[in-house]
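Given the coordinates of chain X, work out where chain V should sit on it, guided by the hints.
2 protein chains.
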Amino acid sequence: MPTQRLSGVLAPVVTPFKRDLSPDRERYVRHCKWLLANGCRGLAVFGTNSEANSLSVEERMVLLETLIQEGVPAAALMPGTGCCALSDSVRLTSHAVALGCSGVLMLPPFYYKGVSDEGLYRNFAEVIERVGDARLRLYLYHIPPVSQVPITLALIERLLKKYPGTVAGVKDSSGDWNNTQAMLDAFAKSGFDVFAGSEVFLLDNMRNGGKGCITATGNINPGAINEVFERWQAPDADALQKGITATRNVMQKYPMMAALKAVIAHFGRDPDWATVRPPLVELTPAQSKSLTTELEARSFDMPGLVATSATATA
Amino acid sequence: MPTQRLSGVLAPVVTPFKRDLSPDRERYVRHCKWLLANGCRGLAVFGTNSEANSLSVEERMVLLETLIQEGVPAAALMPGTGCCALSDSVRLTSHAVALGCSGVLMLPPFYYKGVSDEGLYRNFAEVIERVGDARLRLYLYHIPPVSQVPITLALIERLLKKYPGTVAGVKDSSGDWNNTQAMLDAFAKSGFDVFAGSEVFLLDNMRNGGKGCITATGNINPGAINEVFERWQAPDADALQKGITATRNVMQKYPMMAALKAVIAHFGRDPDWATVRPPLVELTPAQSKSLTTELEARSFDMPGLVATSATATA
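Protein sequences, first through last, are from chains X and V. Read left to right, the first sequence gives residues 1 to 314 (the numbering used here). Read left to right, the second sequence gives residues 1 to 314 (the numbering used here).
Hints in this document: simulated from the structure, not taken from any laboratory. Some hints could be false.
In this list, chains with the same sequence are indistinguishable; a pair is considered to hold if it fits within one copy or across any two.
[As the list claims (entries may be wrong)] Cut-off 25 Å, straight-line C-alpha distance, at most; resulting in silico cross-link-like pairs (DMTMM-like, lysine to aspartate or glutamate): (1) K113 / D176; (2) K242 / D24; (3) K289 / D185; (4) K113 / E126.
Here chain X stands alone, though its shape is the one from the complex:
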């Protein structure tokens, strides 16, 4: 049982696929280890950027077991376990807790739109009750641009009151700093850990009582982002923040998941990494070239990525 809660930079780890679109466990383990060795304090596997909802429940369970078998510490893991089906969310969450994961990052059920806070409360409460394990640390995943189902302040308040300690925090991917600020103001002092959903807000989040960020670009730029986390009280913090925001802005010109994979494929000299599952599509060669050229012009690099890739591809 992990005694310390996760903080710092977490990557929603991109999931590599073989050419037949099956999950590539070898590349997956390698990338997770690279991330932990290069600035990530934790891995929010099976997030939006992981194409997690393009994976079956069984595929996710196998990948999680593989990571732990291959030596990735469970204490560093915060898998996404929120599904449309209550039964799936319970199954994945129980599995993650049994494996010793530090926490789980839970989407609301996202098929039905315009559902009530009462319905969402019942969903999260049912999961917590059915998992029935004091080790569970549940982080709510607020990402209305994608899920279209928000986690409101009123819902958080009600869940925190009923399940203090278990409801451990939130990832705010609203892209709206005012919302993150409101979550910090309302709940940070009661031990509710707020993670920004993008490193663009990392310094602001740290200065207001937040715990770090869970960010797509943590997959490719974990060192520089971690530097902002480590040095948020240092005199050069604003300059460091400016640097990681600039890199983020380059990435955001492209569809994020395909872009992340294109960058790993390029800097790792491992073209197969570019594969995505439908309904996503990989970047065009022109997009990929334009993106990596712009990053190289900024002296962007992913140190150590080629060697590990080459070893395992051989």
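Just chain V, lined up with the frame of chain X:
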């Protein structure tokens, strides 16, 4: 292998749950048989109104097998098999085809928003190729108000060209008659079967070359809706259409899925039917009373529902 394609009124069958929220197979079989005996020509099990996305893949498979074992003809079934995960869609579709179902009604993967037609094409094409069975009849499910991911005319055209015969039709739940009309104009003559997503458009759909409707309220009002289907060329068709539209309008004052279950609970004298899975919530007693009172004032009834319920509840 069914030789004839489905047409007429299909219900996206509501899924009953026990008090512990597990699927209630007995009530499910009973309701399906009542629907087929009272006007439905087919059952679009596992649709939006079935809370299908609140069920795991395994729960859906067990329910489908149960129906067939209990004597519901596979030729009458058009299960929903479109999931966010390609692997789930392939598994459910293969299962439905192997069981002899007439067709499958397929949502696009609905987690990621703003995906390209190319990505959606790849999704459907991969499912068709991986299922690899000439018996497959795939109906596309266009429901942008919920899925937020549309099935465009250009996507249909591309799929029809590559997979004629397999891509068999569409359910248009856009709520936009202009869109249904456009689908009819573009594809109905080439053997592409257009079902309206609501009986409000049934007569218009039939008059323009459509094949029927797949409608929520088919769960409670199948006889009257089927009468419009059967008599769409009769002199009183417009009057009949007016009647079913009026009933639909009563239902639409309430959250549809909870309202359907409240109506079945009331007219079947079987209160447990009201149960829904989170994130949905059942109607309040006041809502339920108001709804059923208004229906009774319109002489609405569900003949034969009480007897079957009483038998099986005993």
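*Enumerate the violated hints, using their earlier numbering and listing them in ascending order.*
2 and 3
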